[in-house]
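Peer 1: In order, the protein sequence lines correspond to chains A and B.
Start counting the first sequence at 11; every next residue gets the next number (the numbering used here).
Start counting the second sequence at 11; every next residue gets the next number (the numbering used here).
FYI, nobody ran anything at the bench for these hints, they're computed from the structure.
Accuracy of the hints is not assured; some may be wrong.
Here are the simulated distance ranges between beta carbons [claimed, not checked]: (1) S214/A - P66/B: 28 to 36 Å; (2) R215/A - G87/B: 23 to 31 Å; (3) K209/A - I194/B: 31 to 39 Å; (4) H219/A - E211/B: 47 to 55 Å; (5) E227/B - A221/A: 23 to 31 Å; (6) I194/B - R44/A: 24 to 32 Å; (7) P127/B - R51/A: 46 to 54 Å; (8) D120/A - A110/B: 35 to 43 Å; (9) D86/A - Q58/B: 33 to 41 Å; (10) Q58/B - A56/A: 26 to 34 Å; (11) Q58/A - A55/B: 19 to 27 Å; (12) E211/B - A42/A: 24 to 32 Å; (13) D237/B - E89/A: 49 to 57 Å.
From the structure, some residues in chain B lie toward chain A, with a derived Cβ separation under 7 Å [unchecked claim]: (14) P139; (15) E140; (16) L161.
Positions of the beta carbon are idealized from the N, C-alpha and C atoms, including for glycine.
Protein chains: 2
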Amino acid sequence: MIANVSQSTSTHPSWTSQAVQPPSLSAIDLEALRRELPVTRRKHAAGQYLYRSGQPFRAIHLVHVGSYKICDTSTDGREKVTAFKMRGELAGVESIGLDAYACDVIALEDSEAWDLPYPAVMKAAVRIPELQEQIHTALAAEIRCDRTWMLLLGTLAAEPRVAAFLIDIAARHARLGYSAKHFILRMSRLDMASFLALKHETVSRALSHLADLRFIEVQRREVRVLDVDGLRAMACCAQAA
Amino acid sequence: MIANVSQSTSTHPSWTSQAVQPPSLSAIDLEALRRELPVTRRKHAAGQYLYRSGQPFRAIHLVHVGSYKICDTSTDGREKVTAFKMRGELAGVESIGLDAYACDVIALEDSEAWDLPYPAVMKAAVRIPELQEQIHTALAAEIRCDRTWMLLLGTLAAEPRVAAFLIDIAARHARLGYSAKHFILRMSRLDMASFLALKHETVSRALSHLADLRFIEVQRREVRVLDVDGLRAMACCAQAA
DNA sequence: CGGCTGCTTGAATACCTTCAATTCATGTGG
DNA sequence: CCACATGAATTGAAGGTATTCAAGCAGCCG
């Protein structure tokens, strides 16, 4: 059995290098932000909405505790999880320039987000060019992150796709100072499958096979990484069918 | 045979509503931009690079004539076309905040782009809050466009995917005042396939079948749309396998 | 004209999905 | 406190869709 999920600082430096860069504002800026902006904090239980498609867009949101999933819906009702957001990452930036939010954001666990009123952000940005720069950078990073996943989903078969997902989650945990070798997946297999453009049975099978290969140990949502290089080799080399 | 590719203004208003919104700066801003910025114009023949991954990032680029493809490459060499850019659309925004461009951009035909030096853009943005707003909006629109395609590629089977692509291209043509019912695809089947996460044979078969259904006429890169609603029904309703 | 590249089409295969059954964890009510 | 209902995850077998491999055709440029 797998136990003792630690939050110890990762000692493996290479984790950070391979990650799909998650867009975020650094801790330094946050201090400035809190001074400059009327930040309000909101807590959400698992399953609760941070915002819903169609609600008036007024703020962007910085995840402070927990994690959220971003869900896009087409006009005819097809849905897909297009991103997961963890501490330090931004939600809502995709809706800038619109009157209403363009997607749903749902907490995966007990979570907290800081609302940054968009007009206030804009006003602050005029006064603080560095903030301006940071916003551009965050938005651009978001685009690069999406493009990286488009590339991944478009060129990798199911199993390497799942491997790449685990590597990404692990790297993001490491960035936050948590263990990259042992973590809890906060999303269901269904959410993972949606994000990876697979069926949940396929995700399940892929995880089982990665465990058979001794690359990971997995028990429901608890994952222990046994062979990072094995995972990497699978995520990088295997082609799509 | 299909002939007489016109550039007449589209008279079908519904074309514009369904499109995957392409990020762009409106014509109004362009006038301001030209006054404020040291814009330089560059021409490219088909196959030439607007910029390459690794080159120092200095400017964002507004497509003024022709069209380009955006190609992302993974560390291990897998490649994918992640976007196509037409007149009025921006390239290079994904590289904001980096020292070097993050992807390749290649002309699909004789094309011209305006280089907007990024530092100058930033300085102008400080003086002109509207420009600031426009930049945010353009970046956010880019994110939404990517998300929409992630959703499409993740939830639609091959044939509806191709149908959705044709609808998108048609809508973007309409927006530019060209015919939405008759146009030339500027990219190869290989590029389309890469963008749609399919093989070029599959794209070819899908196009042939759409022609069998009398939704379109197609001859190599020349496409004539016969039944928009048929295409729409296919793009919206059919689920992924 | 010849060689080349891009596109199309066919047949066989492989991979993921679909359908179905089982196990496991959780929480609710008797 | 246990029984039971519920939802999530796993696993097996059958099937379908896109891919792979292969061949042929058409346009284009030297």
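Peer 1: Go through the numbered hints given earlier and state which of them the structure violates, listing their numbers in rising order.
Peer 2: Hint check: 1, 4, 5, 6, 7, 10, 11, 12, 13 and 15 fail, others pass.
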